[in-house]
Amino acid sequence: MTAFWKTIAVARKELRQIRRDRRTLLILLFVPAFFLLVYGYALNFDIRHVRLALQDNDHSAASRELVSAFVNSGYFDLVADAPSPTAIDRLIDRGDVRAVLVIPARFGSDVVAGRSTAVQFLVNGDNANTAATVVGYATGLISTVSTRYEVLARLTSPAGPVLSVEPRVWYNPELRSTLFLVPGLIAYIAMLTAVVSTALSIVREKEAGTMEQVRMSPIGAVPYVLGKTAPYFVVSLVSSMSIVVAAILLFDMPMRGSWVVLVGVVSLFLVGALAFGLLISSIADSQQVAFQVALLTSFLPTLMLSGFIFPISSMPAFLQVVTYVVPARYFLVALRGVVLKGVGPAVFWQDLVALAVFAVVILALASVRVRRQWA
Amino acid sequence: MGMTRLGHIIRKEFLELRQDPRLFGIVIIAPIVQLTMLGYAATTDVRNVPLVVVDQDGSSESRELVSRFDGSPSFDVVDRVSTTDLVDEYLNTGTAWMALDIPANYGERIRAGQPTTVQVVADGTDANSTNVALGYAGTLIASYARELASPPGRTLAPLVSADVRVWFNPQLESKDFMIPGILALLLLVVTTNLSSMSIVREKELGTLEQLNVTPIARWELIVGKMLPYAFIGVIDVLLVVFVALYWFEVPLRGSFVLLLAMCHVYLLTTLGLGLFVSTISSTQQQAMMTASFFFLIPMVFLSGFVFPIENMPEIIQPFTYLIPLRYFLVIMRGIFLKGVGLEILWPDALALLAWGVGILVLATLRSSKRLA
Chain Z
11 MTAFWKTIAV ARKELRQIRR DRRTLLILLF VPAFFLLVYG YALNFDIRHV
61 RLALQDNDHS AASRELVSAF VNSGYFDLVA DAPSPTAIDR LIDRGDVRAV
111 LVIPARFGSD VVAGRSTAVQ FLVNGDNANT AATVVGYATG LISTVSTRYE
161 VLARLTSPAG PVLSVEPRVW YNPELRSTLF LVPGLIAYIA MLTAVVSTAL
211 SIVREKEAGT MEQVRMSPIG AVPYVLGKTA PYFVVSLVSS MSIVVAAILL
261 FDMPMRGSWV VLVGVVSLFL VGALAFGLLI SSIADSQQVA FQVALLTSFL
311 PTLMLSGFIF PISSMPAFLQ VVTYVVPARY FLVALRGVVL KGVGPAVFWQ
361 DLVALAVFAV VILALASVRV RRQWA
Chain Y
24 MGMTRLGHII RKEFLELRQD PRLFGIVIIA PIVQLTMLGY AATTDVRNVP
74 LVVVDQDGSS ESRELVSRFD GSPSFDVVDR VSTTDLVDEY LNTGTAWMAL
124 DIPANYGERI RAGQPTTVQV VADGTDANST NVALGYAGTL IASYARELAS
174 PPGRTLAPLV SADVRVWFNP QLESKDFMIP GILALLLLVV TTNLSSMSIV
224 REKELGTLEQ LNVTPIARWE LIVGKMLPYA FIGVIDVLLV VFVALYWFEV
274 PLRGSFVLLL AMCHVYLLTT LGLGLFVSTI SSTQQQAMMT ASFFFLIPMV
324 FLSGFVFPIE NMPEIIQPFT YLIPLRYFLV IMRGIFLKGV GLEILWPDAL
374 ALLAWGVGIL VLATLRSSKR LA
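Residue numbers (my numbering), protein chains in the order written: chain Z, 11 to 385; chain Y, 24 to 395.
It should be emphasised that the hints constitute simulated quantities derived from the structure, not laboratory data. Just so it is clear, the structure is predicted and the values come from calculations on it, not from any experiment. There may be inaccurate statements among the hints.
Calculated lysine-lysine pairs in the DSSO-like style (CA-CA distance at most 30 Å, straight line) [to be verified]: (1) K35/Y with K216/Z; (2) K35/Y with K226/Y; (3) K216/Z with K16/Z; (4) K23/Z with K35/Y; (5) K226/Y with K23/Z; (6) K23/Z with K216/Z.
Only part of the chain Y face toward chain Z is listed, based on derived beta-carbon distances under 8 Å [as the list claims (entries may be wrong)]: (7) G147; (8) G247; (9) V329.
Pulled from the structure, derived: some chain Z residues nowhere near chain Y, Cβ distances all over 12 Å [what the hints assert, rightly or not]: (10) A19; (11) A52; (12) A148; (13) M221; (14) R225; (15) V353; (16) Q383.
Quick reminder that beta carbons are idealized off the backbone N, C-alpha and C, glycines included.
All chains should be modelled from the sequences, with the hints used to inform the complete structure.
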């Protein structure tokens, strides 16, 4: 029997085992697409309808105008009145409002007379990201209002500022964070599905004692490892491609590049991820250890070190180096490249090479581990 | 009598844990290592945005504008080119996220005091960071414009200025917000995982039958199995809280005692959840799938760990109340950053406690039915 047929034999045996465990198979096939539906819809960084409380100590036409500039922007919802400092404390402590706008007395008379004045803007900073965006909205709105009064008071030329900026955004003109997050979600779900599906496969045989039987049979380590990977590869490729298609249909994710390249990129990533699960399985002595290691190495690192949510370029230098061993990092560059930018391997070939190296090295390591245990 | 039997089970579980020293090492060391690394990763602060400059003008005025960008910590000028066509390459490869395009007659118009516009082209793939970076660019240019419009040597202050005060986290450090969340997730991964395998392993190995014929009561079996895991959980709590406080110096403004107490209530929910998974699964593989797909992943995304619940669509928001981590995060962030106590946090504390007790009772009931 050639190595090829041995591989097929192991794959058939594994396939039978997958078929018998209906719950696992259903989870692997359908849960990923369901996840994408829920999370793709739920997750975004687009900050709208910030709950705002107001303390208006002026009650003039000008103060009302400032407040309506906030409300009409669509970014703020006026939900409460904060007549006193203790009321402000309470509202922010309990999380009833995210921000408070305090307009000083004499605000109206000051701006009309052209005297400088300041309004206070208090923000709950517990979520730094949201807070920074909210501060940006508020300072922008206040500076627009200011410019209007400066023109009225003839402090500035009515022609507007001497220098202005015209922003143009490529690839994602409406800056929908969904378009950024959905590829990340695809990578995350694919990584977990793949690692989780193979992490127990070898160690289960060890625990059940069937490993001895496999060892006695004339199967080499490499066909054994490949045969274990192949069925899960088919299952996870089906589920990964179904989430890609779901993303395109449900979230208007553009598909600007080539499908062939996309399938290639996804396959390369999956082989690496499945092999990683196998490696864990070949090292662990019990299923419990395998599960623990699989989760600890993929659950949070893929989320946080891949560029899914947190930009790698903002991380400290030593950590940027660590991200080079996270395969999802390369996958995300390639996936976003194909899908959002419509570029091909000419642009992201380095990431493809990295993915291929990862897959081959991990598969080789897993085979070596299995061979050593059999010896 | 009951206590001795309970004692035997606890001893048996500890012996099993000891037999697998690797597991013990993993559950103690991995959370610390992960927290120390991931704590640095969790930054949504946007810095060093790679910028490519298209200076079609090449005047001293255009160089002055570029130096403003270069001098700002938000931007990092990676290259200067002379024509707009070259920008494509930079944005496609991701070498630059943003391009500043200065038109040919820029210097001339500025000298003449004529209004002029520069273009900023941004890669919108990372919508969140791009939004922030565009804000930086806009502010930078606006303040430079104000300087240009002002008489030499004196910059006109705006008529209405914003006096912004950020509470709880004045430097807007995302680590202070994220680290309590990472801590909670690590505890969840380690402890849920341990207990989710607990009963199902005995089922798979066939040893559960043996335990069934002994005079051990169900609750003794469950308590005996959970206590060693709870012990590991408590060690983990102390270690990760220590790392958060002393390594990352996350400010602890509230009560340390309350913080530890709430961590233990949280452990009830994570252990109970694992136990529940263990009772509804017949193989360890099923337990792993069920735990990771139906519990762990939803917890990451729907708890408000990274993605604020207030941003989610109205239909999704009610579902987040089913997630115990949601309450724990409110409590942790409340104690760490806001320094509030039970007078404000009691609804969340109560919900968390109810969740923990509820799931433990449910799991015990289910396992009694299974074992009987």
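Consistency of the hints with the structure:
no.: 1; hint: K35/Y with K216/Z; result: 22 Å, holds
no.: 2; hint: K35/Y with K226/Y; result: 16 Å, holds
no.: 3; hint: K216/Z with K16/Z; result: 20 Å, holds
no.: 4; hint: K23/Z with K35/Y; result: 36 Å, violated
no.: 5; hint: K226/Y with K23/Z; result: 23 Å, holds
no.: 6; hint: K23/Z with K216/Z; result: 16 Å, holds
no.: 7; hint: G147; result: 3 Å, holds
no.: 8; hint: G247; result: 17 Å, violated
no.: 9; hint: V329; result: 6 Å, holds
no.: 10; hint: A19; result: 22 Å, holds
no.: 11; hint: A52; result: 4 Å, violated
no.: 12; hint: A148; result: 6 Å, violated
no.: 13; hint: M221; result: 15 Å, holds
no.: 14; hint: R225; result: 20 Å, holds
no.: 15; hint: V353; result: 5 Å, violated
no.: 16; hint: Q383; result: 15 Å, holds
Of the hints listed earlier, those the structure fails to meet are numbers 4, 8, 11, 12 and 15, in rising order.
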